[in-house]
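Q: Residue strings, one per chain:
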Amino acid sequence: DVKVTQSSRYLVKRTGEKVFLECVQDMDHENMFWYRQDPGLGLRLIYFSYDVKMKEKGDIPEGYSVSREKKERFSLILESASTNQTSMYLCASTLQGSYSNQPQHFGDGTRLSIL
Amino acid sequence: AQKVTQAQTEISVVEKEDVTLDCVYETRDTTYYLFWYKQPPSGELVFLIRRNSFDEQNEISGRYSWNFQKSTSSFNFTITASQVVDSAVYFCALSEAPGSARQLTFGSGTQLTVLP
Chain F
26 DVKVTQSSRY LVKRTGEKVF LECVQDMDHE NMFWYRQDPG LGLRLIYFSY
76 DVKMKEKGDI PEGYSVSREK KERFSLILES ASTNQTSMYL CASTLQGSYS
126 NQPQHFGDGT RLSIL
Chain D
527 AQKVTQAQTE ISVVEKEDVT LDCVYETRDT TYYLFWYKQP PSGELVFLIR
577 RNSFDEQNEI SGRYSWNFQK STSSFNFTIT ASQVVDSAVY FCALSEAPGS
627 ARQLTFGSGT QLTVLP
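Protein sequence lines correspond, in order, to chains F and D. Sequential numbering from 26 applies to the first sequence in the numbering used here. Sequential numbering from 527 applies to the second sequence in the numbering used here.
Calculated directly from the structure, the hints in this document are not laboratory data. Predicted model only: the values in this text are computed from it and were never measured. Ideal Cβ placement from N, Cα and C applies to all residues, glycine included. Some clues are possibly wrong.
What the hints assert, rightly or not - In silico lysine-lysine, DSS-like type, Cα no more than 30 Å apart, as pairs:
1. F:Lys80 x F:Lys43
2. F:Lys80 x F:Lys38
3. F:Lys78 x F:Lys95
4. F:Lys28 x F:Lys96
5. F:Lys80 x D:Lys529
6. D:Lys564 x F:Lys38
7. F:Lys96 x D:Lys542
8. D:Lys564 x F:Lys80
9. D:Lys542 x D:Lys564
10. F:Lys38 x F:Lys28
11. F:Lys82 x F:Lys43
12. F:Lys28 x F:Lys78
13. D:Lys564 x F:Lys82
14. F:Lys82 x D:Lys529
15. D:Lys564 x F:Lys28
Claimed, not checked - Examples of chain D residues lying across from chain F (beta carbon under 8 Å, computed):
16. Lys529
17. Phe632
18. Gly633
19. Ser634
Looking at chain F on its own, in the form it has when it is part of the complex (with noise of 0.2 Å):
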């Protein structure tokens, strides 16, 4: 089975830290994502990568960067975190090739707070 891997569950840090959230997944996918989900807008894409140092913007990627620097692994930057970025942060990957049609493995989750 893929395993997805996020670091942390929980993680509480203060506005104007620089916040690092990593995902490790061990199937050799190539595409890997980054979601941030709240209630009641369901999950929405920050960032995606398709290859080891490549990147794309999703729907929301201001405040975020992304850093793909080995293939099992994609990190998530909170530049400068701020309170509206306390959210739920998931972690998914899936095999190259038309991957719209690939069901994605999501990590357990990241409940981040910004203080």
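Once you've looked at the hints, dock chain D against the given chain F.
A: Just chain D, lined up with the frame of chain F:
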């Protein structure tokens, strides 16, 4: 632009009842894919089913069944004889033909609570 609507925010049923979760979608593409995911309290989204736009056959997997109707742009999910372990948030999602990842769109989710 594509859109997925799950009008039912919360549903409560008593164990052994049948329950249907509604999903209505909008897309301009003729080729697209529909998904259902389950999110139990642990947080991880679990893939349940994928359906492409050319396959309107209904599918049954154990107590789960899916009804895909292109005429009404709906992809509804029915749980038969519900169990407490079915309690979770269920998401319907849509992706269009291969292209940008931003084309994967989730509905807002339906919180299902199954009472013993």
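Q: Is it true that the CA of Lys564 (chain D) sits at most 30 Å from the CA of Lys38 (chain F)?
A: holds, 29 Å
Q: If you draw a straight line from the CA of Lys80 (chain F) to the CA of Lys43 (chain F), is it 30 Å or shorter?
A: Roughly 20 Å separates the two Cα atoms, so the pair holds.
Q: Starting from Lys542 (chain D), check that the Cα of Lys564 (chain D) is at most 30 Å away, please.
A: holds, 19 Å
Q: Need the status of pair Lys82 (chain F), Lys529 (chain D): alpha-carbon distance at most 30 Å?
A: Distance of about 19 Å is within 30 Å: holds.
Q: Hinted pair, alpha-carbon criterion (30 Å max): Lys28 (chain F), Lys78 (chain F). Please report holds or violated.
A: Satisfied, since the Cα-Cα distance of roughly 22 Å is no more than 30 Å.
Q: Hint check: is the beta carbon of Phe632 (chain D) less than 8 Å from a beta carbon of chain F?
A: Result: holds, 4 Å to nearest chain F Cβ.
Q: Would the pair Lys28 (chain F) and Lys96 (chain F) pass a check requiring their Cα atoms to be no farther apart than 30 Å?
A: Since the Cα atoms of Lys28 (chain F) and Lys96 (chain F) sit roughly 14 Å apart, the hinted pair holds (cutoff 30 Å).
Q: Would you mind confirming whether the straight-line C-alpha gap from Lys564 (chain D) to Lys28 (chain F) stays at or under 30 Å?
A: Roughly 17 Å separates the two Cα atoms, so the pair holds.
Q: Lys564 (chain D) and Lys82 (chain F): Cα distance at most 30 Å?
A: holds, 26 Å
Q: With a cut-off of 30 Å on the C-alpha distance, tell me whether Lys564 (chain D) and Lys80 (chain F) pass.
A: OK: Lys564 (chain D) and Lys80 (chain F) at ~27 Å, within 30 Å.
Q: Does Gly633 (chain D) hold up as a contact with chain F if the rule is Cβ-Cβ below 8 Å?
A: holds, 5 Å
Q: Given Ser634 (chain D) was flagged as interface, is its beta-carbon under 8 Å from a beta-carbon of chain F?
A: holds, 4 Å
Of the hints listed earlier, those the structure fails to meet are numbers 7, 16, in rising order.
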